[in-house]
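Colleague: Given the coordinates of chain A, assemble chain B onto it according to the supplied hints.
Chains as they are written, first to last, in the working numbering: chain A, 1 to 474; chain B, 1 to 474.
Hints are not guaranteed to be accurate.
One copy or two, it doesn't matter: identical chains are merged, so the pair holds either way.
Distance condition first, Cα-Cα at most 25 Å in a straight line; then the derived SDA-like pairs of lysine to any residue [stated by the list, open to error]: (1) K131 with V206; (2) K131 with Q60; (3) K82 with L48; (4) K82 with D228; (5) K131 with A217; (6) K82 with R248; (7) K82 with T463; (8) K82 with E102; (9) K82 with D225; (10) K82 with L466; (11) K131 with D443; (12) K82 with L46; (13) K82 with S95; (14) K131 with D93.
Think of the hints as simulated: they come from the structure by calculation, not from any bench.
Protein chains: 2
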Amino acid sequence: MPGRWPGHRGVTASDYAQGVTRPTLTGTPDAVPTIELDELLDGGDLELIDRWLGQADVVQIADELSRLPRERRAVPFRLLGKDRALEVFELLDPSLQQELLEGLRDTNVRQLFEGLDPDDRARLTEEMPAKVARRLLAGLSPNERRLTSTLLGYAEDSAGRLMSPEVASLRAGMTAAQALDRLRGVGRSAETIYALPVTDDQRRLVGALGLRDLVLADPATPVSDLMDTTVFSARIDADQEEVSRLIREADLLALPIVDTEDRLVGIVTVDDAMEVLEEEETEDMARTGGAEPLRRPYLATSVLQLARSRIVWLLVFVMAGAVTVNVLAAFEGALQAAVTLTFFVPLVIGTAGNTGAQSATTVTRAVAVGEVRLSDLGSVVAREAETGLLLGAILGAIAFGPIALLVEPRIATVVSLTLLTACTFSALVGSTLPLAAKRIGIDPAVMSVPLITAIIDAAGLVTYFLIAIAVLGL
Amino acid sequence: MPGRWPGHRGVTASDYAQGVTRPTLTGTPDAVPTIELDELLDGGDLELIDRWLGQADVVQIADELSRLPRERRAVPFRLLGKDRALEVFELLDPSLQQELLEGLRDTNVRQLFEGLDPDDRARLTEEMPAKVARRLLAGLSPNERRLTSTLLGYAEDSAGRLMSPEVASLRAGMTAAQALDRLRGVGRSAETIYALPVTDDQRRLVGALGLRDLVLADPATPVSDLMDTTVFSARIDADQEEVSRLIREADLLALPIVDTEDRLVGIVTVDDAMEVLEEEETEDMARTGGAEPLRRPYLATSVLQLARSRIVWLLVFVMAGAVTVNVLAAFEGALQAAVTLTFFVPLVIGTAGNTGAQSATTVTRAVAVGEVRLSDLGSVVAREAETGLLLGAILGAIAFGPIALLVEPRIATVVSLTLLTACTFSALVGSTLPLAAKRIGIDPAVMSVPLITAIIDAAGLVTYFLIAIAVLGL
Numbered sequence: 001m002p003g004r005w006p007g008h009r010g011v012t013a014s015d016y017a018q019g020v021t022r023p024t025l026t027g028t029p030d031a032v033p034t035i036e037l038d039e040l041l042d043g044g045d046l047e048l049i050d051r052w053l054g055q056a057d058v059v060q061i062a063d064e065l066s067r068l069p070r071e072r073r074a075v076p077f078r079l080l081g082k083d084r085a086l087e088v089f090e091l092l093d094p095s096l097q098q099e100l101l102e103g104l105r106d107t108n109v110r111q112l113f114e115g116l117d118p119d120d121r122a123r124l125t126e127e128m129p130a131k132v133a134r135r136l137l138a139g140l141s142p143n144e145r146r147l148t149s150t151l152l153g154y155a156e157d158s159a160g161r162l163m164s165p166e167v168a169s170l171r172a173g174m175t176a177a178q179a180l181d182r183l184r185g186v187g188r189s190a191e192t193i194y195a196l197p198v199t200d201d202q203r204r205l206v207g208a209l210g211l212r213d214l215v216l217a218d219p220a221t222p223v224s225d226l227m228d229t230t231v232f233s234a235r236i237d238a239d240q241e242e243v244s245r246l247i248r249e250a251d252l253l254a255l256p257i258v259d260t261e262d263r264l265v266g267i268v269t270v271d272d273a274m275e276v277l278e279e280e281e282t283e284d285m286a287r288t289g290g291a292e293p294l295r296r297p298y299l300a301t302s303v304l305q306l307a308r309s310r311i312v313w314l315l316v317f318v319m320a321g322a323v324t325v326n327v328l329a330a331f332e333g334a335l336q337a338a339v340t341l342t343f344f345v346p347l348v349i350g351t352a353g354n355t356g357a358q359s360a361t362t363v364t365r366a367v368a369v370g371e372v373r374l375s376d377l378g379s380v381v382a383r384e385a386e387t388g389l390l391l392g393a394i395l396g397a398i399a400f401g402p403i404a405l406l407v408e409p410r411i412a413t414v415v416s417l418t419l420l421t422a423c424t425f426s427a428l429v430g431s432t433l434p435l436a437a438k439r440i441g442i443d444p445a446v447m448s449v450p451l452i453t454a455i456i457d458a459a460g461l462v463t464y465f466l467i468a469i470a471v472l473g474l
Numbered sequence: 001m002p003g004r005w006p007g008h009r010g011v012t013a014s015d016y017a018q019g020v021t022r023p024t025l026t027g028t029p030d031a032v033p034t035i036e037l038d039e040l041l042d043g044g045d046l047e048l049i050d051r052w053l054g055q056a057d058v059v060q061i062a063d064e065l066s067r068l069p070r071e072r073r074a075v076p077f078r079l080l081g082k083d084r085a086l087e088v089f090e091l092l093d094p095s096l097q098q099e100l101l102e103g104l105r106d107t108n109v110r111q112l113f114e115g116l117d118p119d120d121r122a123r124l125t126e127e128m129p130a131k132v133a134r135r136l137l138a139g140l141s142p143n144e145r146r147l148t149s150t151l152l153g154y155a156e157d158s159a160g161r162l163m164s165p166e167v168a169s170l171r172a173g174m175t176a177a178q179a180l181d182r183l184r185g186v187g188r189s190a191e192t193i194y195a196l197p198v199t200d201d202q203r204r205l206v207g208a209l210g211l212r213d214l215v216l217a218d219p220a221t222p223v224s225d226l227m228d229t230t231v232f233s234a235r236i237d238a239d240q241e242e243v244s245r246l247i248r249e250a251d252l253l254a255l256p257i258v259d260t261e262d263r264l265v266g267i268v269t270v271d272d273a274m275e276v277l278e279e280e281e282t283e284d285m286a287r288t289g290g291a292e293p294l295r296r297p298y299l300a301t302s303v304l305q306l307a308r309s310r311i312v313w314l315l316v317f318v319m320a321g322a323v324t325v326n327v328l329a330a331f332e333g334a335l336q337a338a339v340t341l342t343f344f345v346p347l348v349i350g351t352a353g354n355t356g357a358q359s360a361t362t363v364t365r366a367v368a369v370g371e372v373r374l375s376d377l378g379s380v381v382a383r384e385a386e387t388g389l390l391l392g393a394i395l396g397a398i399a400f401g402p403i404a405l406l407v408e409p410r411i412a413t414v415v416s417l418t419l420l421t422a423c424t425f426s427a428l429v430g431s432t433l434p435l436a437a438k439r440i441g442i443d444p445a446v447m448s449v450p451l452i453t454a455i456i457d458a459a460g461l462v463t464y465f466l467i468a469i470a471v472l473g474l
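Bound-form chain A, shown alone:
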C-alpha cells in the first residue's frame, strides 16, 4: 500500500529517509573501518547479524546486500522486519529484487510486491519471467493491479513507465484552504505533494503550484491566482532520459506527464529522474570503454556475465584488426627494406588511437548532456580537425629530435609527418562517428573506443607506409 511506508523511492522521497542513525558523513572517510555483512555471515552468528541489521541504516543494508553473492542474500533479508524489508527492497537494483523474490516464500513475496509503488512494481515486472509476473499481478488488490497494468501498457523507456499515476493535483477554482484540505485527503497516497499540477474540469493541465506557495498563501486566495500558468510538462510517450534531463536542467522537483489531449495522467519525481540518469551514465561509460552495460552491481556479476558484456566489441576489433594484418602484409617490401619502420608502428597507431578516443569521449559526453546537437556537426568537425592538427604538430615536433638523433633523420620525418596526419584524421573520425551514430538513431556511446580504434589503426598504418615510401624512396 503506497503511503503506508515512508519509503525512499516513491511515496515520501521528499521527506527525510528513515532508518536508524547513520554515522554523520565527515571529512575523514574510511577512518572507522566498518564491519561488513559478508564477514558476519562467514561467522554464522545469527544474533550478531541481527544486531548489525538493527544498527545499520537502510542504505547501508541495501549496499551490503548488493555486494553479497546471490545465495547469501536471502538470510539477512528475512531477518529484517516487514517495514524495513520493504524499504531496503525498494533501494535494490531490479535485477537483485527479482533474485531475492525467487528465494522468498509466496506470502512474503506477495506482501513485498503489494507494498511497492506502482512505478517500481512496473520496473520489477519487466525483469521477471512473464509467468511469474502474471501470477504476482493477479494477487494484487484491484486498485494496485489497475495502476500497475496502466504503466505496463506504455512503451519501455517512455515517461509512462517512469511516472507515478498517483498524482495529487488541484483544481484552478479552489481556494488555498480548500486545496490544503484536499491534500489532507489524498496526500498520504500521492507520490509527491510538493509539486502540485493544477487542472481544469477536463483534467487538462493548466498550471502548477509548489506546496511552499500554498502553505505561505492567504487561505482565501484562489489557486488560479497562486499558480504558474506556464509549466514544464512531458508527453506520456516522451523518452525517459530526456524527461530526466529536463528535470535536472530546470531544477524541478517533479514533472507532470500528460496524454495526447494534454490531460494530466501522472508525475515523474526527481529521485526517479536521478536514477534514470545514473543508469544512463553507467551505460555510456561502459560503452565508451567498449563493453556492454552490466545492468547489475559489479560484485553481483558473474565472470561469465562480465565476459559476455565484453566479448562482442573485442570480436569486432579482432575482425577489423584483420585489416591491419593485410595492410602490413601489403607493405612487406617496405618493411623488409627498412625494418626500423616497424619499431614505430605501436607508437604511431597508439597515438592516433588515443587522439581518436579523446575526441570520441568528449563529443559523446557533449551530446549526452545536450551541449552539442546534430546541427552542430559542422562546427564540431572544424573544431576537432583544428585540435587534431595542433596536437599532431606538437607531438610530431617533439618526436622529431630524439628519433633523428638516435635513429635517422629520414625515419624521424616519416614518424613526425604521420603523427601530424594521423592525429588530425583520428580527431575527425573520433568526433564524426558519434554524431553519425546519433543521426541514424543509434546511441552515440555505442561508437565505442574499440571500433574507432580499429578504423584508425588501419588508416594510420596506410598513411605511415605511404609517407615512408615517399620519403625513403622505397
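Modeller: What follows is chain B alone, placed relative to chain A:
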C-alpha cells in the same frame, strides 16, 4: 535578495520552474526544428531576437547562450528583463557567468550578484580574479556579504561550500501549528521548506520532518511527535561528491549540514547534488578517455583549450611509447628472421589494450558509484583475471584457424598464446591500477586509457616476442 525571484537553482528549486510555455516534451523529438539564437544574431534584427527571448523559456535561453561564442552573449542577455536575466544567469556554468559579468556595466553586475543565492555566489566567486571578487563582495548588503563570506571560509569541494546557510529549521518543542506559523515568517528566504531539520535549544540537530507530514498533521501535535529522530546528515567538511551521492542513494530532498559540535549550519538540496554529480561524471568520462575535464560547455571551449586538455596524456603516452620502440628494436633479430611476425603486432597489442580499457572503465565506474571498495581488491582482481583468461581463450581460439590456414600454424600458435596471456595480464592491470590510484588518494579516473594502454602495449610486445622465440625457435 534570495526569495524575491523564483529562481531555478536555489530559492524555489522545489517549486515548478517559471518561464513561458515550453513545448511539451513529446515522443517525437526534433520534429519541429527550432530557430537558433545564433542565426537570429546573424540576422541582426534586435526586434526578432527580443521576440524569441520572450517566447523561449529560461532553460532554452541558457542553453542557447552556452552555445554562443563569448563575444555574442552580452547582447541577448542585456535584452532580458531583470528578473528573467537572474533566472537565466543562475542556470549558466560558473565559467560563463564570470565572462558575462565582464561584459556588463557595474550596476547590472551588482544587481545580478546581489540577486544570487549565497551558495551560487560563492561558486561564482571562485572563478573570478581575487580583485574583482573582493570589489563585488564589498558591494553586497551586510547580510548577504556575511552569508557568502561564511561559505567562502570552507574548503573547496567541502559540503560547506555547497550548502545554503539559509535553512528553515524547527524546534522540537513547537506544535505543528506553531511550526507552520514560523515557516510563514522565514519560509520565503529559506533554500527549501520541504525538508525541515529539527534542533534543540543549542541548535543541535535532533530530528527532521517533511513539510508533507507537517501539513497533514493535527495542528496541536508537537513537532517532537512528528519528527524522525534518526536522520541522515553530513559534517561541514565532508566531501561534496559523497554528500551528493548519499542524497541520491537515499532519495533525499535535502541533507542537513552540521558542524563538529553537531549544530545545524546549513542544508544541501537535491538540485545542487545533481549538479555536483553531473560535473563529477563529466570529469570521470573525460579522464577515462584520456583528457582533462573541460569545465565549460563544449561549444564555448576554444581549440586551444581543447588541445590543452588532451596534450598531457598524449605526451605521457608518447614518452611511454618510447618503451615499445625499444622493445621492438631489442627483438630486431626475431623481426628480420620472421617478418610475418610484424603483421600481427597491431592486432595483438590493440586487443590487449582494449581488454585493459574495458576492465579499467568497468572498475572505475564501480568505484565511483560505490559498488566496489578498496577492501574488495582481492575479489576484483580474481574476477578480472578469470574474465581476461576467458576472453583471451575465446579470442585465441577464434584467431587460430584463419591464421593457421592463411599464414602458418606456428605463427597462429604464437598469436593465440599471446592473446591468451596478454588479455589476462591487461584485465589485471586495467582493474588494479584504478584501485591502486584510489588507495594512494588519486581519483581512479585519472588512470586513463592512454596510460593503461602504454603499459599494456610494452608488456604485450615483450610477451609476443618471447613466445615467438620459444615457438619458432629463433
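Colleague: What label fits K82 with R248 when the C-alpha limit is 25 Å: within, between, both, or neither?
Modeller: Intra 34 Å, inter 24 Å, cutoff 25 Å: inter-copy only.
Colleague: Up to 25 Å between alpha-carbons, please classify K131 paired with V206: within, between, both or neither.
Modeller: For K131 and V206, neither the intra-copy (42 Å) nor the inter-copy (48 Å) Cα distance is at most 25 Å.
Colleague: Between the shortest in-copy and the shortest cross-copy C-alpha distance, which are at most 25 Å for K82 and D225: within, between, both, or neither?
Modeller: between (44 Å within a copy, 23 Å between copies)
Colleague: Under a CA distance limit of 25 Å, which applies to K131 and D93: within one copy, between copies, both, or neither?
Modeller: Result: close within a single copy only, 21 Å intra versus 50 Å inter.
Colleague: My question is about K82 and L46: at a cut-off of 25 Å on alpha-carbon distance, are they close within one copy, between copies, both, or neither?
Modeller: within (18 Å within a copy, 64 Å between copies)
Colleague: My question is about K82 and D228: at a cut-off of 25 Å on alpha-carbon distance, are they close within one copy, between copies, both, or neither?
Modeller: between (41 Å within a copy, 19 Å between copies)
Colleague: Treating 25 Å as the Cα threshold, decide for K131 and A217: within, between, both or neither.
Modeller: So K131 and A217 fail the 25 Å test inside a copy (51 Å) and across (43 Å) alike.
Colleague: Could you place K82 and L48 in one of the four classes (within, between, both, neither) given a Cα distance threshold of 25 Å?
Modeller: within (19 Å within a copy, 62 Å between copies)
Colleague: Should K82 paired with L466 be assigned to within, between, both, or neither, using CA atoms and 25 Å as the limit?
Modeller: neither (72 Å within a copy, 61 Å between copies)
Colleague: Indicate which option fits the pair K131, Q60 if close means a Cα-Cα distance not exceeding 25 Å: within, between, both or neither.
Modeller: Cα proximity of K131 and Q60: none, with 33 Å in one copy and 46 Å across.
Colleague: Have a look at K82 and E102 and pick one of within, between, both or neither, based on CA distance no larger than 25 Å.
Modeller: within (17 Å within a copy, 59 Å between copies)
Colleague: Is it within, between, both, or neither for K82 and T463, if the alpha carbons may be no more than 25 Å apart?
Modeller: Answer is neither: 67 Å inside a copy and 57 Å across each miss the 25 Å cutoff.
Against the hints set out earlier in the document, violations occur for numbers 1, 2, 5, 7, 10 and 11.
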